[in-house]
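Student: Each chain, letter by letter, is given below.
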Amino acid sequence: MTGENEVSDPGDADGTDDRDGDDIDDTRSTTRETLAQRRGLDEPVYQPAEDSGLLAEAGREHARGVVVEVGTGSGWVASEVTGAAAVERVVGTDVNPHACRRARQRGVEAVRADLLDPLRNDTVDTLLFNPPYLPTTPETEWDDWQERALSGGDTGRAVIEPFLRDAPRVLAADGRALLLVSSLTGFADVVEHAVDCGFHAETVVEESYPYETLSVLLLEL
Amino acid sequence: MKESLLDIVCCPVDKSELELEDAERDEGEVVDGRLVCTECGEAYPVEDGIPNLLPPDMREEA
Chain A
1 MTGENEVSDP
11 GDADGTDDRD
21 GDDIDDTRST
31 TRETLAQRRG
41 LDEPVYQPAE
51 DSGLLAEAGR
61 EHARGVVVEV
71 GTGSGWVASE
81 VTGAAAVERV
91 VGTDVNPHAC
101 RRARQRGVEA
111 VRADLLDPLR
121 NDTVDTLLFN
131 PPYLPTTPET
141 EWDDWQERAL
151 SGGDTGRAVI
161 EPFLRDAPRV
171 LAADGRALLL
181 VSSLTGFADV
191 VEHAVDCGFH
201 AETVVEESYP
211 YETLSVLLLE
221 L
Chain B
222 MKESLLDIVC
232 CPVDKSELEL
242 EDAERDEGEV
252 VDGRLVCTEC
262 GEAYPVEDGI
272 PNLLPPDMRE
282 EA
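The listed protein sequences derive, respectively, from chains A and B. The first sequence: position 22 = 22 (the numbering used here), numbered continuously. With positions in the second sequence counted from 1, the corresponding number in the numbering used here is that position plus 221.
Mixed in with the good hints, there may be bad ones.
The list that follows gives simulated cross-link-like pairs (lysine to aspartate or glutamate, EDC-like), each with its CA atoms no further than 20 Å apart [stated by the list, open to error]:
1. B:Lys-236 with A:Glu-88
2. B:Lys-223 with B:Glu-245
3. B:Lys-236 with B:Glu-260
4. B:Lys-223 with B:Glu-268
5. B:Lys-236 with B:Glu-250
6. B:Lys-236 with A:Glu-220
7. B:Lys-223 with B:Glu-240
8. B:Lys-236 with B:Glu-263
9. B:Lys-223 with B:Asp-269
10. B:Lys-223 with B:Glu-248
11. B:Lys-223 with B:Glu-242
12. B:Lys-236 with A:Asp-125
13. B:Lys-223 with A:Glu-88
14. B:Lys-236 with A:Glu-192
15. B:Lys-223 with A:Asp-166
16. B:Lys-236 with B:Asp-247
17. B:Lys-223 with B:Asp-247
18. B:Lys-236 with B:Asp-278
None of these hints come from the bench; they were simulated from the model.
Given the sequences, and given the hints that come with them, work out the whole structure.
Tutor: Right, here's the structure in full:
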């Protein structure tokens, strides 16, 4: 996520206003206000930011075959990777129905899903994931789609860990995952968990920002 | 969704194959219908071209 949006495509170039639902109450915490300023609280779909740009960069270089972007949000990363030479097909999944519609409008084949649950064994050549990774406490959590897109529980790894545990099941032989990791989430802890799940981990993109360092891990079995 | 998506997706509950039923197509895409698990029989809706493959206990959200 990080500060100002530097990605060339702001994600809402079509100018449509789809603030359709997802009640937002007034009990705003400091964390929430900060995030709201950065992200735009009215938008129920995570918009491309620096992290998206880095994952797209890694994806264009390292994605191949059948690609599934988990938590595709607006579908920006998925559409960026679609043209890459080694890529056959790109599917974007999200738990958020607004995100699925956005991604589909962008031309991405969208599936509403919880992480890797509805993916068949040994079918995916490349997984891409920019996970919700901000460490949050129950007091600073709020119940809407933006929170689901950002919050990684008290460690920041509440979504990353189940993803890593299930990824070997869905990956084809020689499959790989590209996972965005923030220093806020504990880079070493994520790598350790990936190794525990049977992956070899290599950093393929890294960029430092005032509040965090963002890396993309290439994970191979 | 494209019908070939069935090569990639399965029932989120028991990971069995899905079968497309009552499909409405538009320009080669399935825009409406349902995906039914060949094992447990659970039906997952396809609406506006997007299959909802959340497990039944999560489906009510938004």
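Student: Now tell me if each hint is right for this structure.
Tutor: Structure-based check of each hint:
no.	hint	verdict
1	B:Lys-236 with A:Glu-88	24 Å, violated
2	B:Lys-223 with B:Glu-245	12 Å, holds
3	B:Lys-236 with B:Glu-260	9 Å, holds
4	B:Lys-223 with B:Glu-268	13 Å, holds
5	B:Lys-236 with B:Glu-250	24 Å, violated
6	B:Lys-236 with A:Glu-220	23 Å, violated
7	B:Lys-223 with B:Glu-240	13 Å, holds
8	B:Lys-236 with B:Glu-263	12 Å, holds
9	B:Lys-223 with B:Asp-269	12 Å, holds
10	B:Lys-223 with B:Glu-248	10 Å, holds
11	B:Lys-223 with B:Glu-242	14 Å, holds
12	B:Lys-236 with A:Asp-125	18 Å, holds
13	B:Lys-223 with A:Glu-88	14 Å, holds
14	B:Lys-236 with A:Glu-192	28 Å, violated
15	B:Lys-223 with A:Asp-166	25 Å, violated
16	B:Lys-236 with B:Asp-247	28 Å, violated
17	B:Lys-223 with B:Asp-247	10 Å, holds
18	B:Lys-236 with B:Asp-278	16 Å, holds
Checked against the numbered hints given earlier, this structure breaks hints 1, 5, 6, 14, 15 and 16; the rest are met.
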